[in-house]
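What follows is each chain in one-letter form.
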Amino acid sequence: MKPHLSLLAAVGIISASSLAYEVLLMRLFSIIQWHHFAYMMISLALLGYGVSGVFLALNRDRLVRLFPIAIMANMLLFSLFAPACFLLAQQIPFNPAEMLWSPVQPLYLCSIYLVLTVPFFFAANVIGLSLYHYKNQISSIYAADLFGAGLGSVAVILLLFIVFPEQILAVLMLSGILATLLVSSFAFCGQPGNTKHWAIASVIIGLAIIFTPPGWITLKVSPYKTQNQVLQIPGTKIIDRYSSPLGLISVVKSEMTPLRHAPGLSLNATTEPPEQLAVFTDADNITAITRYNGKPETLGYLDQTTSALPYHLKQLSDILILGAGTGSDVLQATFHAIKHIDAVELNPQVIDLVQRNYADFAGYLYSNPHVNVHVDEARSYLATTDKTYDLINISLLDAFGASAAGLYSMAENYLYTEQAIQEYLRHVSPDGYLSITRWIKVPPRDEPKLLATVINALKKTGVRQPGLQMVMIRGWQTSTLIVKNGALSDDEIARLKQFCDELSFDPVYYPGISESEVNRFNIQHQPYLYQAATALLGDNSQAFIDDYKFHIEPATDDRPYLFHFFKWRTLHEILSLLGSGGNFLLESGYLLLIVALLQAIVASLALIALPLWLWKAKLGIEPESGSHLHMLVYFFCLGLAFLFIEIGFIQKFILILHHPLYAITVVLSTFLLTAGAGSYFSTQLSCRTEKSAFLLPMAAIALLSIAYSLGFESIAGFLLKTGNLSRYLLSIVLIAPLGFFMGMPFPMALTKISQTTPALIPWAWGINGCASVISAILATLIAMQFGFTVLIFMAVALYGVAAWCFPSLTNGGKITEQ
Amino acid sequence: MKRVKHLIFWLVVIGIILLLFSTHVIAEDEYRQQREALVDIIKADVMLTRDYLNQQALDEKVFDALRKVPRHEFVRDAERPYAYENRPLPIGYGQTISQPYIVAVMTDLLKLKKTDRVLEIGTGSGYQAAILAELAASVYSIEIVEQLGKQAAENLKRAGYGAVNTRLGDGYYGWETEAPFDAIVVTAVASHIPPPLIKQLRPGGRMVIPVGAQFMTQYLVLVTKGVDGKVTTRQILPVSFVPLTGKH
Chain F
7 MKPHLSLLAA
17 VGIISASSLA
27 YEVLLMRLFS
37 IIQWHHFAYM
47 MISLALLGYG
57 VSGVFLALNR
67 DRLVRLFPIA
77 IMANMLLFSL
87 FAPACFLLAQ
97 QIPFNPAEML
107 WSPVQPLYLC
117 SIYLVLTVPF
127 FFAANVIGLS
137 LYHYKNQISS
147 IYAADLFGAG
157 LGSVAVILLL
167 FIVFPEQILA
177 VLMLSGILAT
187 LLVSSFAFCG
197 QPGNTKHWAI
207 ASVIIGLAII
217 FTPPGWITLK
227 VSPYKTQNQV
237 LQIPGTKIID
247 RYSSPLGLIS
257 VVKSEMTPLR
267 HAPGLSLNAT
277 TEPPEQLAVF
287 TDADNITAIT
297 RYNGKPETLG
307 YLDQTTSALP
317 YHLKQLSDIL
327 ILGAGTGSDV
337 LQATFHAIKH
347 IDAVELNPQV
357 IDLVQRNYAD
367 FAGYLYSNPH
377 VNVHVDEARS
387 YLATTDKTYD
397 LINISLLDAF
407 GASAAGLYSM
417 AENYLYTEQA
427 IQEYLRHVSP
437 DGYLSITRWI
447 KVPPRDEPKL
457 LATVINALKK
467 TGVRQPGLQM
477 VMIRGWQTST
487 LIVKNGALSD
497 DEIARLKQFC
507 DELSFDPVYY
517 PGISESEVNR
527 FNIQHQPYLY
537 QAATALLGDN
547 SQAFIDDYKF
557 HIEPATDDRP
567 YLFHFFKWRT
577 LHEILSLLGS
587 GGNFLLESGY
597 LLLIVALLQA
607 IVASLALIAL
617 PLWLWKAKLG
627 IEPESGSHLH
637 MLVYFFCLGL
647 AFLFIEIGFI
657 QKFILILHHP
667 LYAITVVLST
677 FLLTAGAGSY
687 FSTQLSCRTE
697 KSAFLLPMAA
707 IALLSIAYSL
717 GFESIAGFLL
727 KTGNLSRYLL
737 SIVLIAPLGF
747 FMGMPFPMAL
757 TKISQTTPAL
767 IPWAWGINGC
777 ASVISAILAT
787 LIAMQFGFTV
797 LIFMAVALYG
807 VAAWCFPSLT
817 NGGKITEQ
Chain G
4 MKRVKHLIFW
14 LVVIGIILLL
24 FSTHVIAEDE
34 YRQQREALVD
44 IIKADVMLTR
54 DYLNQQALDE
64 KVFDALRKVP
74 RHEFVRDAER
84 PYAYENRPLP
94 IGYGQTISQP
104 YIVAVMTDLL
114 KLKKTDRVLE
124 IGTGSGYQAA
134 ILAELAASVY
144 SIEIVEQLGK
154 QAAENLKRAG
164 YGAVNTRLGD
174 GYYGWETEAP
184 FDAIVVTAVA
194 SHIPPPLIKQ
204 LRPGGRMVIP
214 VGAQFMTQYL
224 VLVTKGVDGK
234 VTTRQILPVS
244 FVPLTGKH
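Protein chains in written order, with our numbering: chain F, 7 to 824; chain G, 4 to 251.
Keep in mind that a hint or two might mislead.
[To be verified] In silico DSBU-like links for lysine-lysine, alpha-carbon gap of 30 angstroms or less:
| id | chain 1 | residue 1 | chain 2 | residue 2 |
| --- | --- | --- | --- | --- |
| 1 | F | Lys503 | G | Lys233 |
| 2 | G | Lys153 | G | Lys114 |
| 3 | F | Lys259 | G | Lys153 |
| 4 | F | Lys503 | G | Lys202 |
| 5 | G | Lys202 | F | Lys301 |
| 6 | G | Lys64 | G | Lys8 |
| 7 | F | Lys320 | G | Lys114 |
[What the hints assert, rightly or not] Taking CB as the label site, the calculated pair distances span:
| id | chain 1 | residue 1 | chain 2 | residue 2 | range |
| --- | --- | --- | --- | --- | --- |
| 8 | F | Asn274 | G | Ala30 | 27 to 35 angstroms |
| 9 | G | Asp62 | F | Leu597 | 31 to 39 angstroms |
| 10 | F | Gln97 | G | Leu10 | 50 to 58 angstroms |
The hints are simulated quantities; they were obtained by calculation from the structure and are not laboratory data.
Don't be surprised by glycine CBs; every beta carbon is placed ideally from N, CA and C.
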């Protein structure tokens, strides 16, 4: 029995919608809550796939008898529950900040998981049931699933540029209805179950959604997010909103109470910021568009921050600002009458705010003949230019709140790695500076880690005495680290001292500094940063890194986690301090990942092991047969390995393609689309009897993965020299064969099972679902600990284990019995 | 018969009044005991953190204030059962009432004298203002969120701190007409310390600012203005945690 083309299309649509829903939830929860909890909630909600596997395994024959109705009902239920469950979930008064204080909060979190699991359950039912019903055409169904997911990953990114994220929920609803309409009108036309009614119902619901006035879905942002707190100020309102996959931008204006954003301002400051508009990304990460009337004297406050230091060391004429945002660093440079400023910003909508929408307010800053604005990622821009600068400036790219609470710990950041620092320094002209400004944290974490990273980067470029090229100062709120391309002169050091004295900043380090000069104006319990700098520049730097209670091992491109500070050995001490207000010491991002992993493992065990124990016969496992255990291992390994490779290579290719968003979209969709093609062609291999045919895809995956990993530097070196378009095209060409082979092992094994023990297909589907959930979380943890290369090698090993289990699947467990 | 009924009626009325009064007294007594227990917990925490606070214990007057101010009057009804737990509590509008331990440390850092004039930026629930009122001559408090400000003024009045001067408005420019102040508490910090507030601090005065998100104070900043007008800050970690174990 062959599936009708419309059914394949419907499976594809549901799969696309499901993937789009996942990406969308990530966006929506990043807006109403915070990124790390969004990640945790959505990873676990995907367990809906595992639940579906068990549900189908236990009810498979009943559902297959009602196949058309079951499929249509699940499609409609998905389309209804996708928005409904989100709306319900955002009503749950979950507050992550209260997690450690209030025992009810973990319960709220669990109820969010449960609610969000529902739509994924219905989507997985559609695919799992189709796989079981069309046992002889598994590769086609799986291909439709992967193709759909591939298209969904691209479609949702495009949609996020066009409409606001909450409106995409309606689009998903319509796509579910479209899928129902397709199968009711074509695939199941004339079959029992009165498909006409389903078609009519779908059309009515669809029309109802289309003609419902917009605004029925509104986002309920947590009152603890900065934007909502600012909106409490009388006369303050959102005057503009812009959506893109990079974030939801809101512009906030206050009629009565001026907004004033000037982080790092000296206590001796005499001037205040002029009128400002606040700009929020995902209801947090505040930055400001400052009113500029062309008179530099109104910008004096920007000269009273630690980041102004390089301008006081010597006359600069050509500078590069990375992460220009809404322009405060460009204004700072303008204050110092810099002749030429290159400003690089990733988010085009942020540039548009300053360049177009509020150009008049911002004094046409980005249209100034001295300023060249580039929409690009920092390292991508540098990879494509040979220019050198007197100063490269990177200031406060992340918000203090999230940064201080350890929320970014699991977020990859390629701006602060050894390789990134080396790249910046290549573009600093002789005697020029690289300046990095960061938030002060007590006790210090990212500053020592950044220092370690910078020192290592300098040593690796052959600098024998990095200490001669570095200076660092701090206020009570920010610190600025400067690396000079050359040794610092006495004159520069004298100027630094004068700058610090005038503004009550403390020198942290400069060549020849003595302990009596530090910790005078902004007094810390001990001169922590001075101690860190001198220790890291000394001979025992590794011992200092090992002894430090936070993880301050230098960040590299293979382990790009500047904000990962967690060390297991400190956990006990921190836990003992929780009751007395020490919870800020807990690097919550990393621990939440561990909690999420444990929850996923427990849930998966319950979903896989419990049914195995309680309803073995009902699942379709023959008594005395041991093949199901091999099957369990096989599908579990596949589930883990597929995502390990996908995640590993997405991160590797971000280094080549640079733009995080486009890189992820291109790599992910190429993986999924080519895996779909691989699945479709796997039928050819499944027909063959010799065992080598079955092992061929796994051997190819291993070979390609190892080759790409080992030869990555040469590949990257070659691709980075080519143009933008060819970089993307060649990356696709490299990923395609890997994806193609990765699409094969799953349908090939299912096809084999369909010939021996077809009843186990839904169970296998569920195992794969559970493994995928564990995989996504585990991959991040492995990468944080060991790096992406190790992650890919682990995936290869998992494919090896799967290959070892494969033969016993092909002969109904006979090998095991032997 | 009528007389007996009359007597029974009055006995019942008096009984109910006595019952209500006694439950109130019992509740007040229970709250007092809870406050006492809370003070003990805070004292224990201070002992652990004494190195960081550069002192063995907090001023006993601060503890007296904590013993006296009814924190339950400054939280919403739903949070009353937790009023004397050593933890921050939500008060609505995205704001919180700070952890009592942090309130104690912040208040102590100000080294208040009975003659001092204190300014608070961010009234919140009014609890911190009430504590300050126990230790200083006059307290001025500004809140920008209208509903919070009104609620705090009511809370303060109900708890017997009607003498605290409250105002709705922007705290950036302080309270010009009442300046200078011996101490300033900035509980709602903007992206920087407003220069006008530093101006309104009397030479020799102290300002305390908690840094961090709601529910999570990262550290405290103590701003000191010397008698010569020179301003310095001290960053105080509220817990005892040394980031380095070895010596290098």
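Hints and how they fare:
1. For the proposed pair Lys503(F) and Lys233(G), the alpha carbon gap of about 17 angstroms is at most 30 angstroms, so the pair holds.
2. Between Lys153(G) and Lys114(G), the direct Cα distance comes to roughly 29 angstroms. Compliance with the 30 angstroms bound is thereby established for this hinted pair.
3. Of the pairs offered as hints, the one joining Lys259(F) and Lys153(G) holds, with about 24 angstroms between alpha carbons and a cut-off of 30 angstroms not exceeded.
4. Of the supplied pair hints, the one linking Lys503(F) and Lys202(G) holds, its CA atoms being roughly 25 angstroms apart against a limit of 30 angstroms.
5. Proximity of Lys202(G) to Lys301(F) is assessed by CA-CA distance (about 26 angstroms); at most 30 angstroms being required, the pair is judged to hold.
6. With a C-alpha separation of about 55 angstroms, the suggested pairing of Lys64(G) with Lys8(G) is violated against the 30 angstroms cut-off.
7. Simply put, Lys320(F) and Lys114(G) have alpha-carbon atoms about 44 angstroms apart, too far for the 30 angstroms limit, and the pair is violated.
8. Range check, Asn274(F) to Ala30(G): Cβ separation about 51 angstroms, and the 27 to 35 angstroms hint is violated.
9. The given range of 31 to 39 angstroms is respected by Asp62(G) and Leu597(F), whose C-beta atoms sit roughly 36 angstroms from each other.
10. The hinted window of 50 to 58 angstroms between Gln97(F) and Leu10(G) holds, with their beta carbons roughly 56 angstroms apart.
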